[in-house]
Each structure stands twice: as structure tokens, then as C-alpha cells.
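J.: The lines below spell out each chain.
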Amino acid sequence: MSHHITEVKELHYVYPDGLEALSGVSFRIYHGESVGLVGANGAGKSTLLMLLVGVLFPSKGEVMVGEMPVNKKTLPLIRQRVGMVFQNPDDQLFMNTVYDDVAFGPRNYNLGEPEVEKRVIQSIEKVGIAHLKDRAPYKLSGGEKRSAAIATILSMIPDILAMDEPSSGLDPKSRRRLINLLKGFSHTKIIASHDLDMVLELCERTMVLKNGKLVADGPTAEILNDAVLLENCGLEIPLGLQNCPVCGSTK
Amino acid sequence: MAGIIQSLYEIRFLDELAEKRTVIHNIHPLAKLLTTLIYIVAVVSFEKYEVSGLLPLIFYPVIIIGLAEIPLLPILKRLLLVVPFALGIGALNPVFDHRIVFTAGWFTLTGGWVSFFSIVIKSILTVLAALTVIATTGMNRISFALRLLFVPRVLVLQLLLTYRYISVLMEEVARVLRAYHMRAPLHKGVRYNAWGSLAGNLLIRTFERAQNVYQAMVLRGFTGEYKTGGAPQITITDLLYLTVWTLFFAAARLFDIPALIGSLVTGVVK
Numbered sequence: 001m002s003h004h005i006t007e008v009k010e011l012h013y014v015y016p017d018g019l020e021a022l023s024g025v026s027f028r029i030y031h032g033e034s035v036g037l038v039g040a041n042g043a044g045k046s047t048l049l050m051l052l053v054g055v056l057f058p059s060k061g062e063v064m065v066g067e068m069p070v071n072k073k074t075l076p077l078i079r080q081r082v083g084m085v086f087q088n089p090d091d092q093l094f095m096n097t098v099y100d101d102v103a104f105g106p107r108n109y110n111l112g113e114p115e116v117e118k119r120v121i122q123s124i125e126k127v128g129i130a131h132l133k134d135r136a137p138y139k140l141s142g143g144e145k146r147s148a149a150i151a152t153i154l155s156m157i158p159d160i161l162a163m164d165e166p167s168s169g170l171d172p173k174s175r176r177r178l179i180n181l182l183k184g185f186s187h188t189k190i191i192a193s194h195d196l197d198m199v200l201e202l203c204e205r206t207m208v209l210k211n212g213k214l215v216a217d218g219p220t221a222e223i224l225n226d227a228v229l230l231e232n233c234g235l236e237i238p239l240g241l242q243n244c245p246v247c248g249s250t251k
Numbered sequence: 252m253a254g255i256i257q258s259l260y261e262i263r264f265l266d267e268l269a270e271k272r273t274v275i276h277n278i279h280p281l282a283k284l285l286t287t288l289i290y291i292v293a294v295v296s297f298e299k300y301e302v303s304g305l306l307p308l309i310f311y312p313v314i315i316i317g318l319a320e321i322p323l324l325p326i327l328k329r330l331l332l333v334v335p336f337a338l339g340i341g342a343l344n345p346v347f348d349h350r351i352v353f354t355a356g357w358f359t360l361t362g363g364w365v366s367f368f369s370i371v372i373k374s375i376l377t378v379l380a381a382l383t384v385i386a387t388t389g390m391n392r393i394s395f396a397l398r399l400l401f402v403p404r405v406l407v408l409q410l411l412l413t414y415r416y417i418s419v420l421m422e423e424v425a426r427v428l429r430a431y432h433m434r435a436p437l438h439k440g441v442r443y444n445a446w447g448s449l450a451g452n453l454l455i456r457t458f459e460r461a462q463n464v465y466q467a468m469v470l471r472g473f474t475g476e477y478k479t480g481g482a483p484q485i486t487i488t489d490l491l492y493l494t495v496w497t498l499f500f501a502a503a504r505l506f507d508i509p510a511l512i513g514s515l516v517t518g519v520v521k
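Which chain is which? The protein sequence lines are A and B, in order. Heads up: the first sequence at position 216 corresponds to 216 in our numbering, and the numbers run straight through without jumps. In our numbering, each number is its position in the second sequence, counted from 1, plus 251.
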């Protein structure tokens, strides 16, 4: 399944103001893998995701999705394959109804209206918001908005889901629903998050970014148990792996 | 503050009305747009002292509002926003134009007043027509109709995106103002010394939000053409709708219907 490999080679990105957001990042993500991308604020997580979907282009280095390099020519294909869920669902929902929003992507790829409808219904049923199909997105609750934003991506039938802080701003129950939803997806997932407990549950592999450099890449259970590494990178051991805060008993 | 957030919801109100399904909503957007344009041209083409000839044209918005089940109050509220402009434009007419056009005992009517009323009626009618076409069609479908009329893609896109981003801008305004008032509870408005930084901040934030929204659109295959789903076919009903209204507008324009009815009635009475 080499066509589903996402590969990043010696990636550098410098913002126009001179800030080097990524320097020399390289990794390979295989088909069906679920990868957590963690790091302190400003470590370069969002920039990396933007580079994966071709919103930004590297200053140096290369991004390959499948066997295609990400460049201006391949963008339409890349964007069909990699679905990006933004940190703020309000940025992603801009149509008048949830239905139109979910249909926006497929329509842009010139699919016939019956196929568009099929995809929309499948996507909103999958995320459990079929009953909100005719509602205005800006009137939904935070959790519903997040589900709608994910549905807008699913309707493009991507192979890879790139998510920026998917659990931010969600109440515990909505967060749990989101985690269960994502667990059910067979897509390759790249999840940038500060919610280390979620990463622990969803991702078998974790990459740690610090000041634009990839400082660790390995099994989640190992990385998220490495107190020194996490401390160095502005993170801490997830609550799920810490001792009991009340009685202090070890896990 | 609450006012801004409220109006944010109200901006989309017309678009929400457009999602209804009534006889009028089902008419092809192109037929509705053309009818509205012809109507506006017909209304504006009346000469400046015409009042009675304009009256039959009120039937058009009234019938549409009735058939499309548009709630009257919110539409009138929006209409009120425009009336001051019309009043402003016509306000000086009664002062300068003293030509007497009608006298009945002590009552004299000058040309200034007649043209003033004509301006007000014309603006009410045209604005009502524009509001009803949006409330029964929605911006997306109006843009679709504009494209059918070969209006350049760039212009249509500008119109649509401006319409979209108004709410983005207003959300940011609401946030900035909320933050301001939290820390300046005694100020009634925003103090002038904060205007500059407030507006600058707002501009940058809006750019940022607009960029994010644009990126979200581009990532889902947006290439400049705003696709809004199935393009409905023009049917006989749509053509009939356009023809009947056009004939009515032409009749109202060419003949003074109230005068005709008046003479008919008086003729009968004689």
C-alpha cells in the first residue's frame, strides 16, 4: 500500500517574518496509522499540518502524499486525499445549512447531485448529526459544530485525516463522543493536540516537536511515559498515566 | 453590544427565509431576478411628479410577500433602515418647488410635495422588491442567476464572499467590543483614543479569519466557482411568472390604472 504513505523529508519552513517554524523534520507515516503530533505552543504542529495539505509550501525539503509530491500541480488530488479539520470549526463552516457545508467539497469536484447527496447523508450519519442537516451551522453547539466540520471532510472520502486540536473547546461528553468516533475511522490519522490523554487513547505512535524540530518519534505508550522528555518539551505526563491525585497510589 | 450580536443573527435571517418551500420559492432564480430587475426599472422610469401611476405596482411585493409566507414585520424593519435616505434625498423638494399642482379649498399641493412622495414611494417599492427577491431566493441562488446572465465570475464571487464575510467581521467586532466593555464598564461607547487601535486590531483579526475561512474553502476543492448544487431547469411556470409580471408592469407603466378605474367607475355612475 505504498500509495498511502505520507512522507516528509528534511522539511524546513520559514515564515515571511523570518521565524523558522520547522527545521529539518523527516518522518514516514504508513497506511492506517494513527499518529499523535504533540508539542508546546509554537512548536510547529499547525505549520506542519498546513504543509501536509499544501496550504503552505516548504522553504526546503519535500512532502510526499502517496507517491505524489505536494506542489501546486498536485494540489487538487492531494486535497482530495488529505482532509484537514481546523482547530476552529467556525472557520470551516461557512454555508447556510449543514447539508450545504458538507456538500461544498463534493460539489467542487463536480460530482453529480445524486452522488453529492449520497456522500452528504453518509457523512452526517457517520458523525451522528443527520438530524441537524437543515440547521444553520452557526447555531449549533460546540460539539455539533466539530462533528459537522468532520463531516465536511468525510464527504470528500479522504485517505488521510489531519486534525488540529480536535478536542479543544469540547465538554467532556462531546470529547468522549469525538474520541469514540475517531476510533471507528480506518483512515490514516494525524492528530495535533495538547490533549495527551486523547492522543494516548487514539494513537499508537506519537511524534514530539520542539522549536520546529522533531525530537522524538515512537510508540505513544513509551513517549508519553517519558517524564524528562515531556518536561523538556513543555508538556507533562497525561493524567491517565499519572498517579492518583487523591491517594497518590501508583497506576 | 447585544445589538450587534442580535443583528448578526438577523443578517442571515433573509437567507433562512429563502430555505422555505412555497410557490414563489420554487420559481427559477433567474425568472425572479429578471422580474425584479424589470420591476425596478419600471418603478424608476416614472416621471418625478407621478404618484397615482405608481400605486398599482405595490401589488407586486404585496402578492409575493403573501404567497411566499414572508413575515411582514422583519421586512418592514429592514425597509425602515432605508427610508431615511429617501427622505433625505427628497426633503428639499417641497422647499424649492412651489409650483401648485392641485387646489381644493384651503388645501394646495405643490409640485415639491408630489415629487417628494414620488421619491419615497419609489424607494419603498424598489427596496421591498430587492428584499423579497433575497428572502425568496437566497444569495447563493441569486448569484447562480447572475452567472446565467453572464455577470463575470469575479464580480459574483466578490458579492458572495462579501456577504459571507460580513458575519465574520461582525463576530470579531462583537468580541473586541465585549473585551473593551469588560474593562471599561463606565464608558457608554468606545472612547476616541481607542478607536485607532481597535479598528486596526479588528482589521488584522478579520484578515486572519477571512484567510482561515478561505483556506478551509480551498482545501475542499474551491477554485473560484461557487457551486451551490443542482441547477434547476427553467419550466413553463417560470416563463409564465416572468411574462405575466412583465405584462402587468408594462400595463402599469403605460396606463394610469387608478385613473382608468376612476373614469370607469364614474362613467358607470354617470
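Because the hints were derived from the structure by calculation, they are not lab data. Where is the CB? At the ideal position from N, CA and C, for every residue including glycine. Check each hint, because a few of them may be wrong.
To be verified - The calculated lysine-lysine pairs, modelled on PhoX-like cross-linking and capped at a C-alpha distance of 20 Å, are:
hint : chain 1 : residue 1 : chain 2 : residue 2
1    : A       : 9         : A       : 60
2    : A       : 118       : B       : 299
3    : A       : 60        : A       : 72
4    : A       : 60        : A       : 73
5    : A       : 118       : A       : 139
6    : A       : 183       : A       : 126
7    : A       : 183       : A       : 60
8    : A       : 133       : B       : 271
9    : A       : 133       : B       : 478
10   : B       : 439       : A       : 139
11   : A       : 126       : A       : 173
12   : A       : 9         : A       : 183
To be verified - Sample of chain B residues at the chain A side, in silico, Cβ under 10 Å:
hint : residue
13   : 273
14   : 320
15   : 389
J.: Each hint: holds or not?
T.: Hint by hint, here is what the structure shows:
1. 9(A) <-> 60(A): holds, 9 Å
2. 118(A) <-> 299(B): violated, 56 Å
3. 60(A) <-> 72(A): holds, 15 Å
4. 60(A) <-> 73(A): holds, 18 Å
5. 118(A) <-> 139(A): violated, 24 Å
6. 183(A) <-> 126(A): holds, 12 Å
7. 183(A) <-> 60(A): violated, 34 Å
8. 133(A) <-> 271(B): Roughly 15 Å between the alpha carbons, so the hint for residue 133(A) and residue 271(B) holds.
9. 133(A) <-> 478(B): holds, 18 Å
10. 439(B) <-> 139(A): violated, 29 Å
11. 126(A) <-> 173(A): OK: residue 126(A) and residue 173(A) at ~18 Å, within 20 Å.
12. 9(A) <-> 183(A): violated, 28 Å
13. 273: violated, 16 Å
14. 320: Status violated, d = 17 Å.
15. 389: holds, 7 Å
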